[in-house]
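**Q** Knowing the structure of chain A, use the given hints to seat chain B on it.
Each chain is listed here by its residues.
2 protein chains.
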Amino acid sequence: MASLVPVSDPADPRLADYVRLRDVNLRKSLEAEHGLFLAEGEKVIRRAVAAGHPVRSLLMARRWFEPLADVLDGLDAPVYVADDATMESVTGFQVHRGALASLERLPLPAVGAVLTGARRVIVCEDIVDHTNIGAIFRCAAALGVDAAVLAPRCADPLYRRSVKVSMGAVFALPYARMTDWHNGLSTLREHGFQLLALTPAPDAVPIDDVKTADRRALLLGSEGDGLSSRWLHEADHRVRIPMSEDALARGVDSLNVVAAAAIACYSLTR
Amino acid sequence: MASLVPVSDPADPRLADYVRLRDVNLRKSLEAEHGLFLAEGEKVIRRAVAAGHPVRSLLMARRWFEPLADVLDGLDAPVYVADDATMESVTGFQVHRGALASLERLPLPAVGAVLTGARRVIVCEDIVDHTNIGAIFRCAAALGVDAAVLAPRCADPLYRRSVKVSMGAVFALPYARMTDWHNGLSTLREHGFQLLALTPAPDAVPIDDVKTADRRALLLGSEGDGLSSRWLHEADHRVRIPMSEDALARGVDSLNVVAAAAIACYSLTR
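Here the protein sequences come in this chain order: A and B.
What the first sequence shows, in the working numbering, is residues 11 to 280, in sequence order.
What the second sequence shows, in the working numbering, is residues 11 to 280, in sequence order.
Possibly wrong hints are sitting among the right ones.
[What the hints assert, rightly or not] Which stretches of chain B does chain A cover? Using the computed rule of at least three CB atoms under 8 Å from a CB of chain A, they are:
#1 141–152
#2 260–266
#3 272–280
[Claimed, not checked] Capping the alpha-carbon separation at 20 Å, the derived lysine to aspartate or glutamate pairs in DMTMM-like fashion look like this:
#4 A:K53 with B:D235
#5 A:K38 with A:E114
#6 B:K53 with A:D263
#7 A:K174 with B:D263
#8 A:K38 with A:D166
Don't read these hints as lab results, they were simulated from the structure.
Predicted model only: the values in this text are computed from it and were never measured.
In this text, a Cβ means the ideal position worked out from N, Cα and C, and glycines have one as well.
One chain only, chain A, in its complex shape (with noise of 0.2 Å):
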């Protein structure tokens, strides 16, 4: 049984991992060195332990002991009790779901590991943005992708923000993190994946037009800029989603980076 230590002063050194959650430059340097992540609300804590992290502690208000309480019960680690306006005080912003969790990392496996058994992955190479991985994430579990590589630069999936656009799905879809940017789809290859760089170039192939492989992989530029024109060279086609006719001739040329990975991992998954 966890055990509950009520606390009151927001310096409470105890409470070092909760600290300023808004600012993301702290929140990346303190993770980092303490190989911790933070999850949020119920739901999402709960997915966090059954998929293995071990905890580190929780702090929340009283009125979650109930709900969590079957996952307290089997845990050693201390739960902080705090009122809202403590919790504020230490994350610097109001905890609308009440919960929070601090839960160790675990190793990544390498990317060969997850490659092996998928027939369906997404690779993405700098998604920069938290909510869009969290995102894309969601969107890859849910549609029966198999597992996600990540370039790099890409964003953390474990970021507090991260985790909790996804709904706990980071911990549902197998990833791994390629070491090396340049040579870093050779791996794929290796392993039979027929490479799919999705791209807003009009002179792609539209996604549902390429010949099926029994191994896909979707690869997803960032944000801004797309695919590297290196990735763009590596991959066998360059895919696109098709836009109306209309909507170019309005000035309305593509979609967001989610709503794109949406459709193409719903093409790749049927």
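**A** Just chain B now, kept in the frame of chain A:
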């Protein structure tokens, strides 16, 4: 040619259209009272003007003159010129895109008017989030949906956030608003539309399996609760986006409304 008016006092009454842009309640009442809306950034301002919205005024940093010179040339409205600090004081945030325009709303067409000649339409019941309605308009316009119909309580596509997220697609996709939610779908029926209600319900028909009709309307429900039971009941078919069995087993059981709308619009317009 527009007249250039330097301003430096954040309390200047001529800047009243631009105050406290993040105060949703204030903005809703202010914009309704004056029949105005705001466009942000060069591209979106350009599209709003091209769509025929009369300009009340602009507020911008000096560096935006040149990129917008052709637009300003044709205008009769005052262009308030301010430094970044003044703009931030007035609007309540740092205006990254550096240029704002206040424009007049135009009377919306009747529902029947946007349906005439349309073959693929979306009907938004109660999408309450401005970001979501903007993203949905962008998807729908890009993929070739012909028009949108909004229920009385659906969020405003001309709210600043909606306009921005839509990248101006709110000016490209004709739309109308129902005055009566209860009987709102009858106009669609009278125009011969097949009504497809999008739902995550497992017993709904996979969206690509519905026999296609000449005129199809996709009904989209609110972020939290989806479509009302009345609209689900009124539809010809309840349709779903098939989820992966594996994902369901791991607790990932739905897509967010924008991802779902993107896939459904793609299916609708193929």
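**Q** Give a verdict on every hint.
**A** Status of the hints after comparison with the structure:
{"no.": "1", "hint": "141–152", "in the structure": "holds (count 5)"}
{"no.": "2", "hint": "260–266", "in the structure": "holds (count 7)"}
{"no.": "3", "hint": "272–280", "in the structure": "holds (count 5)"}
{"no.": "4", "hint": "A:K53 with B:D235", "in the structure": "holds (17 Å)"}
{"no.": "5", "hint": "A:K38 with A:E114", "in the structure": "holds (14 Å)"}
{"no.": "6", "hint": "B:K53 with A:D263", "in the structure": "holds (13 Å)"}
{"no.": "7", "hint": "A:K174 with B:D263", "in the structure": "holds (15 Å)"}
{"no.": "8", "hint": "A:K38 with A:D166", "in the structure": "holds (9 Å)"}
The structure agrees with every numbered hint stated previously.
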